[in-house]
Structures are given as C-alpha cells and as structure tokens.
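Could you build the full structure based on these sequences and the hints that come with them?
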Amino acid sequence: MIDVVVYVILLLLAVVTLYPFWNSLVISFNAGNDTAAGGVTIWPRAFTLENYKYVFKDARLINAFWITVARTVTGTFLSILFTSMFAYAMSKRGLIGKKFYMILCVITMYFSGGLIPSYLLIKDLHLMNTFWVLIIPGIISVWNMIIFRTFFLGLPDGLEESARIDGCNHIDTFFRIVLPVSGPVIATLSLFTAVGHWNAWFDASIYISNQKLLPLQVILNQTIQSILSFESSTVISATKQEFLQNAQSVTHKSIVMATTMVATIPIVMVYPFVQKYFVKGVLVGSLKE
Amino acid sequence: MVIPAIIMIIIFSYIPMWGVLTAFQDYSPAKGFFGSEWVGFKHFRMFFNAPEFWQIMRNTIVISMLKLFIAFPAPIVFALMLNEVKNAFFKRFVQTVSYLPHFISWVIVSGFVISLLSVDNGSVNMLLQKLNIIDEPVHWLSIPEYFWSILITSGIWKEIGFGAIVYLAAITGIDPHMYEAASIDGAGRMRQLVSITIPSIAPVIIIFLILQVGQILNAGFEEILLLTNQGQNVVLRPVSETIDTYVYRVGIENYRFSYATAAGLFKGVISVGLLVIANWIARRLGNSSLW
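In order, the protein sequences belong to chains A and B. The C-terminal position of the first sequence is numbered 288 in numbering that gives the first Met the number 0, with every residue numbered one higher than the one before it. The C-terminal position of the second sequence is numbered 290 in numbering that gives the first Met the number 0, with every residue numbered one higher than the one before it.
Since the hints were derived computationally from the structure, they do not count as laboratory data. Beta carbons are placed, not taken as given, at the ideal position from N, Cα and C, and that holds for glycine. Some clues are possibly wrong.
What the hints assert, rightly or not - Facing chain B, according to a computed beta carbon distance under 10 angstroms, are these residues of chain A, among others:
#	residue
1	D2
2	L10
3	M84
4	S111
5	P116
6	I139
7	I176
8	V180
Claimed, not checked - Okay, the calculated beta carbon distance ranges per label pair:
#	chain 1	residue 1	chain 2	residue 2	range
9	B	Y254	A	I8	47 to 57 angstroms
10	B	I197	A	G93	38 to 48 angstroms
11	B	A49	A	H125	30 to 40 angstroms
12	A	H125	B	T171	49 to 59 angstroms
13	A	P183	B	T171	33 to 43 angstroms
14	B	T95	A	V72	25 to 35 angstroms
15	A	S225	B	A181	56 to 66 angstroms
16	B	V38	A	V5	53 to 63 angstroms
17	A	K97	B	W147	37 to 47 angstroms
18	A	L124	B	T171	44 to 54 angstroms
19	A	V15	B	T171	52 to 62 angstroms
20	B	T171	A	N209	48 to 58 angstroms
Said to hold, decoys possible - Lysine-lysine pairs mimicking DSS-like chemistry, simulated, CA-CA at most 30 angstroms apart:
#	chain 1	residue 1	chain 2	residue 2
21	A	K122	B	K41
22	A	K211	A	K56
23	A	K211	A	K91
24	B	K85	A	K275
25	B	K129	A	K122
26	A	K211	A	K122
27	B	K90	A	K275
28	A	K211	A	K52
Here's what the structure looks like:
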C-alpha cells in the first residue's frame with residue numbers, strides 16, 4: 000500500500016518535472032498563430048520549423064549565442080585553472096600563512112559587501128561594458144578551491160615525491176603529475192562552473208548595456224519579460240483580440256520557446272554524461288571541514 | 000601560486016565589504032568614496048521610516064519562512080520516498096529527471112512558469128478548466144494572492160532533486176545491520192523510518208538547516224525579479240518587494256547608492272546575527288555546528 004502511494008507520487012513528480020520542458024519543445028515546433036488559439040499541450044498541432052528558422056536568422060540572437068559560448072569556455076577554463084592552482088598551493092604543508100589565507104577565504108563565504116558596493120567597485124575599475132566583467136570577478140571560487148584542495152590532499156605522497164626527485168619544481172609537478180590524475184574532480188567542477196556561466200544573466204544585465212556583448216540569457220529574458228508585460232497589461236481583451244488577429248505563424252511566444260530550447264538543449268545533452276561525476280562532487284563539497 | 004588568488008579575493012570580496020561604508024555617506028559617483036560627505040545613520044533612518052519599510056520586511060520574512068518550512072523539507076521528504084523504492088530502474092529514472100531543472104537558469108524557469116500559467120494557452124488553465132475547477136482562465140501572475148505559492152512551488156520544482164543528493168547519500172551510508180536488527184525486533188517500515196533513517200540523517204539536516212538560516216533573508220532575489228518583470232509589475236509589488244529587490248530597484252535603477260547600501264547592510268547584519276544564533280542553538284542541541 001505504501002509502495003503504491005510512493006510510486007504514484009514519484010511518477011507524478013517526474014511527469015511534472017518533465018512536462019514544462021516537453022510543452023515548451025512542442026510549442027517551439029508549433030506555428031505561432033495556432034499556438035495562440037490555445038490547446039497545444041503534448042503534441043504539436045501545426046508542425047513547423049519557422050520558429051527555429053527565425054531564431055537562427057536573428058543576428059542579435061546569434062551574436063548573443065556566441066557571446067555565451069565565449070563566456071562559458073573562457074570563464075570555465077580560466078576559473079578552473081586559477082582555482083586549482085590556488086588549491087594545490089593550499090594543500091601543501093609547508094605553505095607559510097596557510098591558515099590566514101584559509102580564514103580569509105572562508106569569511107567570504109558568509110559575508111559579502113552586497114550588490115551596491117560590488118556595483119560601484121566594478122564601475123570604479125572601469126570594467127563596465129567589457130566582456131571581462133563576466134569572467135574576472137568570479138575567477139576564484141572559494142567553494143571549488145576547497146573541493147580541489149580536499150581532492151589534492153587525498154593524493155598519495157609518493158606521486159609527487161618521485162617527481163621532486165626527478166627535478167620538477169612545484170609548477171611542473173602540478174601540471175605534469177597532479178592535473179593529469181585529477182580528471183574526475185576537474186570534470187565535475189568544470190561542469191558546475193560552465194553551467195553557471197551558461198545560465199548567468201544578472202551580472203550581464205547590470206554591468207553591460209552594449210547590445211553586442213549581451214549573452215543569450217539576457218536577450219531571452221528581455222523577450223520573456225515583454226510577454227509578461229503583455230500578459231499583465233490591464234487593457235486585456237481589446238489588445239489581445241487585435242494581437243490574435245494579427246498573429247503570424249511566428250509569434251513572440253513561439254520565438255521565446257524556440258530560443259529557450261536553444262539555451263536549454265546544450266545543457267540537457269551534456270548532463271547525463273557527467274551525472275555520475277557531479278553526484279560525487281556535491282558530496283565532497285558538502286563534507287567541507 | 001597563492002598570491003594572485005588572494006589578491007583577486009581581496010579586490011572582489013573585501014573591497015566591497017569595506018564599500019558598505021558608503022551607507023554612512025552621501026555617496027556621489029563624481030566625488031567617489033573618499034570625497035563623499037559622511038552623514039552617519041541618515042540613510043538608515045530614512046529606510047526605517049520609509050512608507051514601504053514594513054511591507055518589505057513582511058515580504059522578506061514571509062517568503063523566507065515559507066522557504067524554510069516548505070521548500071527546505073521538500074528534498075528530505077523526496078529522498079525518503081526515493082529510498083523506499085526498490086525497483087532500481089524506476090529509482091534511477093526519477094532521480095535523473097529530478098536533477099534536470101537545477102541546471103536550467105531562472106530565466107528559463109521563469110519562462111516556463113509564465114508560459115504554463117498564461118491565459119491564452121497555459122496548460123494550467125487548460126487543465127483546471129477541463130477538470131471543471133475553474134470556468135474562466137485565471138491571470139495567475141497578476142493576482143497578488145497567488146504570488147507566494149507560485150514562487151515557492153517553482154523553487155521546489157527547480158531544486159528538489161538536486162537538494163536530495165546529500166540526503167540520499169547520507170541514507171546510503173546507514174549501516175544495514177541496524178535495519179536487520181530492527182526488523183527482527185518487529186519494527187515495521189514506518190517504525191524503521193522514524194527510528195533509524197531520520198535520526199541517522201539528522202546531523203546532515205542540521206548542517207543544511209544552519210546554512211539555510213544564514214540565507215534566510217535572501218528570499219529568492221533572482222526568481223522574484225524574473226517573475227515580476229524586473230520588479231516593474233506594480234500589482235505584485237505589495238507582495239513581491241523584498242529587501243534585495245528593493246536594493247536593486249532604488250540602487251541600480253534609481254542610482255540612490257547610499258540609501259540602497261544602507262538597506263543592504265541592514266539585511267547583512269540581521270543575516271549574520273541569525274546565522275550565529277542558529278549555530279549556537281545547534282551546538283546546544285547536539286554536536287553538529289559549523290564552527
């Protein structure tokens with residue numbers, strides 16, 4: 000009896016989780032004017048590729064897509080490189096002032112200056128409206144440093160000793176010996192960092208006004224928000240009637256759904272492959288001393 | 000290898016901490032931090048006396064409490080239910096599906112919410128009409144009474160699966176002998192759940208609870224901003240404006256830097272206080288604490 004209830008609830012939960020993705024996918028493949036008539040749920044009624052054609056022709060969206068890709072690749076690479084180097088040094092017994100650095104790091108996990116002081120800092124540093132504002136402030140992640148450090152501490156001592164005997168300095172040892180054996184932890188943290196960059200929108204929305212530098216999420220958000228203003232407008236019926244009559248096969252909503260899919264599918268495709276890693280990563284992260 | 004990282008941390012974390020002092024100034028971007036005039040607690044007084052102050056406080060606290068009492072236990076319940084599933088394939092399927100929303104941005108989630116709740120062809124309205132629960136499509140996102148439920152539900156939808164990972168791991172770590180011993184003693188499944196599983200994962204729950212309490216005034220900045228049209232939705236403002244969205248609106252959008260910093264600092268001080276209290280209580284109750 001309990002079993003039946005549990006299975007039903009979990010199955011329902013799975014359906015509820017998947018439905019929004021599926022529904023959006025369906026709408027993205029349905030003609031916009033047909034969608035506006037209502038009733039499109041689990042299967043496209045008027046199948047079309049027009050929405051995607053529109054998205055892939057829109058110069059603004061394509062530019063935003065490449066900005067997002069550039070941000071994700073550069074940001075992830077630099078962040079993982081610098082954070083892991085930092086963590087490696089922090090895992091060494093002989094490091095002078097290690098405890099002090101650690102305290103400095105941990106404090107930042109609980110206290111922060113908040114939105115406005117950070118904003119003023121970015122302004123004073125003249126990082127506003129640059130691509131690097133998306134990368135530099137987050138380059139060192141204390142959380143990731145701790146996970147990396149925990150992993151490095153678990154490596155056998157002999158591994159590095161032999162390198163030391165062969166005449167490697169710290170930097171050589173790190174790049175030639177330590178990094179190559181750190182595959183799983185690098186994969187996990189890269190995934191999280193990359194997803195973070197891919198999904199980020201708020202920093203870009205406040206620090207960047209140059210249209211050519213805006214990432215996909217911000218453009219997508221602007222489009223979604225304009226639907227929202229339309230939905231919540233108090234003059235409903237008249238405008239809406241007019242809107243429905245003028246509706247094209249490509250509408251605001253159908254475009255949003257197609258863009259959403261373009262922003263979502265890369266993540267959905269990668270994540271099953273790294274799933275087994277990230278479960279471990281989360282656990283290491285939660286076992287911080 | 001340490002120095003560059005420490006320099007970055009000092010610049011991007013510690014300088015802003017020092018920058019909160021602008022709350023005690025009449026900061027003007029032209030004069031900068033060093034040139035601006037010091038005005039003491041003027042901006043704090045203005046914030047406490049602002050007509051919207053109590054409304055903002057109420058919203059921040061209510062939304063935080065809903066998150067603490069509803070959204071926080073949800074992954075625990077989910078993990079416990081998943082643990083009861085014996086069919087390995089079904090269990091993996093549900094788990095894999097449940098992680099998915101965590102990896103999607105709030106921008107997209109808000110898009111889903113808006114689409115599902117829309118009046119023209121939102122699936123929620125269609126379903127409720129089919130079931131004869133409502134006659135007319137409802138404008139869910141422009142009715143203040145529904146906003147908190149929508150906010151909390153979408154938050155749970157996004158994070159329930161991912162949040163359950165640690166609890167599932169903790170459950171897996173429980174010694175199976177304890178269950179065997181219990182069933183020999185005649186304990187049923189419910190009894191085992193209450194007497195073995197829950198106490199065994201309690202330390203993990205407490206650690207996460209403390210962390211959550213420290214976050215308590217972060218009522219969900221991103222999602223609120225996204226579901227209220229960047230705070231522009233005036234109808235929802237009486238229920239949606241929290242300290243964070245207020246700081247964003249008066250600070251970034253209206254350039255009242257000092258005033259917004261004061262409001263932000265006020266929030267920071269309370270959060271730290273709550274964290275310390277929560278940690279103290281946890282240490283008194285048992286032996287798990289953050290420090």
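We went through each hint and held it up to the structure:
Using the Cβ-Cβ criterion of 10 angstroms, the hint placing D2 (chain A) at the interface with chain B is satisfied: the shortest such distance is roughly 7 angstroms. Contact between L10 (chain A) and chain B, as hinted, is supported at the beta carbon level, the nearest pair being about 8 angstroms apart and thus within 10 angstroms. Hint status for M84 (chain A) relative to chain B: holds, with the closest Cβ pair at about 5 angstroms, below 10 angstroms. This hint holds: S111 (chain A) has a C-beta 7 angstroms from the nearest C-beta of chain B, less than the 10 angstroms allowed.
Annotation: P116 (chain A) was flagged as interfacial toward chain B, and the flag holds, the nearest CB pair being 3 angstroms apart, inside 10 angstroms. Against a cut-off of 10 angstroms between C-beta atoms, the interface hint on I139 (chain A) holds, since the closest Cβ of chain B lies about 5 angstroms away. Taking 10 angstroms as the C-beta cut-off, the interface hint given for I176 (chain A) is violated, the closest approach to chain B being about 15 angstroms. A hinted interface residue such as V180 (chain A) counts as satisfied when its beta carbon comes closer than 10 angstroms to some beta carbon of chain B; here the least separation is about 18 angstroms, so the hint is violated.
Distance hint check: the CB atoms of Y254 (chain B) and I8 (chain A) are about 49 angstroms apart, consistent with the given range 47 to 57 angstroms. In this structure, I197 (chain B) and G93 (chain A) meet the distance hint of 38 to 48 angstroms, their C-beta atoms being roughly 45 angstroms apart. Between A49 (chain B) and H125 (chain A) the CB atoms are about 33 angstroms apart, so this pair conforms to the stated range of 30 to 40 angstroms. At about 51 angstroms, the CB distance of H125 (chain A) to T171 (chain B) agrees with the hint of 49 to 59 angstroms.
In this structure the hint that P183 (chain A) and T171 (chain B) lie 33 to 43 angstroms apart at CB is violated, the actual value being about 19 angstroms. Hint check: T95 (chain B) to V72 (chain A), Cβ distance near 26 angstroms, so the stated range 25 to 35 angstroms holds. Judged by the Cβ atoms, the range 56 to 66 angstroms given for S225 (chain A) and A181 (chain B) holds: they are separated by roughly 58 angstroms. Between V38 (chain B) and V5 (chain A) the CB atoms are about 60 angstroms apart, so this pair conforms to the stated range of 53 to 63 angstroms.
Separation of K97 (chain A) from W147 (chain B) is about 46 angstroms and conforms to the stated range, judged on CB atoms against 37 to 47 angstroms. For L124 (chain A) paired with T171 (chain B), a C-beta distance near 46 angstroms keeps the hint of 44 to 54 angstroms intact. For V15 (chain A) and T171 (chain B), the Cβ-Cβ distance of about 26 angstroms falls outside the hinted range of 52 to 62 angstroms, so the restraint is violated. Evaluation of the 48 to 58 angstroms hint for T171 (chain B) and N209 (chain A) yields a pass: the beta carbon distance comes to about 49 angstroms.
Proposed proximity of K122 (chain A) and K41 (chain B) is supported: the alpha carbons are some 25 angstroms apart, at most 30 angstroms. Under the criterion of a C-alpha separation no larger than 30 angstroms, the hint pairing K211 (chain A) with K56 (chain A) is consistent with the structure, at around 16 angstroms. Proximity of K211 (chain A) to K91 (chain A) is assessed by CA-CA distance (about 44 angstroms); at most 30 angstroms being required, the pair is judged violated. For the proposed pair K85 (chain B) and K275 (chain A), the alpha carbon gap of about 20 angstroms is at most 30 angstroms, so the pair holds.
Simply put, K129 (chain B) and K122 (chain A) have alpha-carbon atoms about 53 angstroms apart, too far for the 30 angstroms limit, and the pair is violated. A C-alpha spacing of about 19 angstroms is found between K211 (chain A) and K122 (chain A), which places the hinted pair at or below 30 angstroms, so the restraint holds. Taking the CA atoms of K90 (chain B) and K275 (chain A), the gap is about 15 angstroms. The hint holds against a cut of 30 angstroms. For the given pair, K211 (chain A) sits about 21 angstroms from K52 (chain A) by alpha-carbon distance, which is consistent with the 30 angstroms threshold.
Going down the numbered hints, you'll see the structure goes against 7, 8, 13, 19, 23, 25, while the others check out.
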